[in-house]
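For chain P, the structure is supplied; the task is to place chain V on it using the hints.
Here is how the chains run, residue by residue.
Number of protein chains: 2
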Amino acid sequence: MKIVTLAGGVGAAKFLSGLVRVVPPEDLTVIVNTGDDFYWMGLYVCPDLDTLTYTLAGLANPQTGWGVRGDTFQALDRLKILGCDTWFRIGDIDLATHIYRTEQLHGGTSLTKITRHICQHNGILCRVLPMTDSSVPTLVHTDDGTLLFQDYFVRRHCEPSVIDFAFHGIEKAEPAAGVLEALESAQGIIICPSNPFISIGPILAVPGVREALRETPAKIVAITPIIAGESVKGPTAAIMENLGLKVSATSVATLYRDFLDVFVLDHRDRRLETEIAALGLKAHAARTLMDCEAARIELAKSVMELFP
Amino acid sequence: MKIVTLAGGVGAAKFLSGLVRVVPPEDLTVIVNTGDDFYWMGLYVCPDLDTLTYTLAGLANPQTGWGVRGDTFQALDRLKILGCDTWFRIGDIDLATHIYRTEQLHGGTSLTKITRHICQHNGILCRVLPMTDSSVPTLVHTDDGTLLFQDYFVRRHCEPSVIDFAFHGIEKAEPAAGVLEALESAQGIIICPSNPFISIGPILAVPGVREALRETPAKIVAITPIIAGESVKGPTAAIMENLGLKVSATSVATLYRDFLDVFVLDHRDRRLETEIAALGLKAHAARTLMDCEAARIELAKSVMELFP
Chain P
1 MKIVTLAGGV GAAKFLSGLV RVVPPEDLTV IVNTGDDFYW MGLYVCPDLD
51 TLTYTLAGLA NPQTGWGVRG DTFQALDRLK ILGCDTWFRI GDIDLATHIY
101 RTEQLHGGTS LTKITRHICQ HNGILCRVLP MTDSSVPTLV HTDDGTLLFQ
151 DYFVRRHCEP SVIDFAFHGI EKAEPAAGVL EALESAQGII ICPSNPFISI
201 GPILAVPGVR EALRETPAKI VAITPIIAGE SVKGPTAAIM ENLGLKVSAT
251 SVATLYRDFL DVFVLDHRDR RLETEIAALG LKAHAARTLM DCEAARIELA
301 KSVMELFP
Chain V
1 MKIVTLAGGV GAAKFLSGLV RVVPPEDLTV IVNTGDDFYW MGLYVCPDLD
51 TLTYTLAGLA NPQTGWGVRG DTFQALDRLK ILGCDTWFRI GDIDLATHIY
101 RTEQLHGGTS LTKITRHICQ HNGILCRVLP MTDSSVPTLV HTDDGTLLFQ
151 DYFVRRHCEP SVIDFAFHGI EKAEPAAGVL EALESAQGII ICPSNPFISI
201 GPILAVPGVR EALRETPAKI VAITPIIAGE SVKGPTAAIM ENLGLKVSAT
251 SVATLYRDFL DVFVLDHRDR RLETEIAALG LKAHAARTLM DCEAARIELA
301 KSVMELFP
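Chains as they are written, first to last, in my numbering: chain P, 1 to 308; chain V, 1 to 308.
Excised from the complex, chain P in its bound form (with noise of 0.2 Å):
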């Protein structure tokens, strides 16, 4: 069975750590965010590629959800001393990544074909698609002005208060090789437990995308980033409370509503199922909380058991 994901960082990674022991990763397709990629030093940082292939290659760090397990920070450290912003941290293993990157794409291969050959060198066996090619970088619009995500996100803390979300260029952009056709064979689509604004929102964005999954007549479910009203990691509540929007697994479910067939609630928001089904959607409860190998697998079993 065919499955295609919509993916973020940490959150979708966790999920599909536990997917991939549950579907033969060959049928996985992973459509990954690519909004908040940006130059760091003049190397080219695709966050939430990089968070999903060490997750899969098992090196991820599971302390800070970012970076590899064990990584040192000699180069970042002698930055400093260079005088250069250290704010966002690279690891020296993972600024290898950046380098081998930022040479490929310099020399014209294409972000797709870089993420394919990551994912062969570390033995990743499900497929790992960016959105786009293209360059697509979110903007937060906040009361404090525009930042680019990373300025917003890792220096400035989320602190300023959001506005608007913008992905620069984005009516441009063409789904990345191989993301539209993944959408019109799938069997299953698997939208993760992402951020729905500045993660699954860009690849919505995408154009195509959105169109694409309104017309599949494949089952589509979205995992809830919301448990109890907070996000399990992440600006995801703050962004809706800056935007007025009631911090609820139901608005998640609302930002879907044209495209969805299911909405995976935690357990713990059974009583939201009504406002869910209010939406035309079915609800389904689950432990959706992944603290640990065994319910990010038992997550990713009781997903697949929504699919005929």
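Source of the hints: derived by calculation from the structure; they are not laboratory data. Since the structure is predicted, the reported quantities are computational estimates derived from the model, not experimental observations. Worth double-checking, as some hints may not be accurate.
Heads up, the list lumps identical chains together, so a pair's fine if it works in one copy or across two of them.
[To be verified] Using 25 Å as the maximum straight-line C-alpha spacing, the simulated SDA-like pairs for lysine to any residue come out as follows:
id: 1; residue 1: K113; residue 2: L125
id: 2; residue 1: K282; residue 2: L147
id: 3; residue 1: K246; residue 2: S161
id: 4; residue 1: K80; residue 2: N122
id: 5; residue 1: K80; residue 2: E103
id: 6; residue 1: K80; residue 2: R116
id: 7; residue 1: K80; residue 2: C126
id: 8; residue 1: K113; residue 2: L82
id: 9; residue 1: K172; residue 2: D261
id: 10; residue 1: K219; residue 2: F307
id: 11; residue 1: K172; residue 2: P137
id: 12; residue 1: K113; residue 2: W40
id: 13; residue 1: K80; residue 2: H157
id: 14; residue 1: K80; residue 2: G70
id: 15; residue 1: K80; residue 2: H121
id: 16; residue 1: K80; residue 2: Y39
id: 17; residue 1: K80; residue 2: N61
id: 18; residue 1: K172; residue 2: R210
id: 19; residue 1: K113; residue 2: Y39
id: 20; residue 1: K80; residue 2: T112
id: 21; residue 1: K80; residue 2: K113
id: 22; residue 1: K80; residue 2: A285
id: 23; residue 1: K80; residue 2: G107
id: 24; residue 1: K113; residue 2: A238
id: 25; residue 1: K80; residue 2: R69
id: 26; residue 1: K113; residue 2: C84
id: 27; residue 1: K113; residue 2: I81
id: 28; residue 1: K80; residue 2: W40
Below, chain V without anything else, positioned relative to chain P:
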């Protein structure tokens, strides 16, 4: 007394680390070969500049002569896993220099300014100037075709026989800001014990440099890189053999005879004094093997005594 030196990598770095103990560093300008600079994985590496600055900053690895003491190779090991060539060994701390420099170069900052910044952030008080801000890669014409310098030197271990050298684009290169001024106002000039073909040769080939040396009233002293018919380090002797030259300090002196005043021989080569004199140069014998810090300081003192 204003002293200007022409410098390559390891041999020059050893001598200069002694010289800064003898001469007030603020009176010292070092003009450095950039012919072996090259792009490595998209990062601009300047081997001689870095060997010098690491040595003067007290960071150099005394075992290898290149790189940083105690450096790790986490990024390089990871690049190997990603399928990249790793015959050029760049450590994690070293990497920071190249990342910083490349980003600055791409932003339009000159190599001269970047080098000044690196020196300032490493407590280096003498003035270190690249010979030029232009890229003038050393091409090695060999019996096995034309090779880029690092390809010949590191990857091929100097095995192909050298026919000739060329410094690509040097006829259009300009000396870096300060180079000609330093030479014109120098009260003493020292050619470091570096390879005359691939370290000092490129500096002399920068338009205006050799002419400035011929015309300066300052005394010019060169230190031999050849002791008792052997090069202390690196391929100087092998190159001399390839080119059909006698492997002798006298052959080096001959290459500089049009501008040189004094040639510093190793004390073991005193018998060559008459050959040096026959070139119209003054010979001076000294212990030139810098196998410890005391020897570096002694040699620097011995050379400085040659200036009035």
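_For each hint given before, does the structure comply? Return the numbers of the non-compliant ones in rising order._
The structure breaks hints 2, 9, 22 and 24; every other hint is satisfied.
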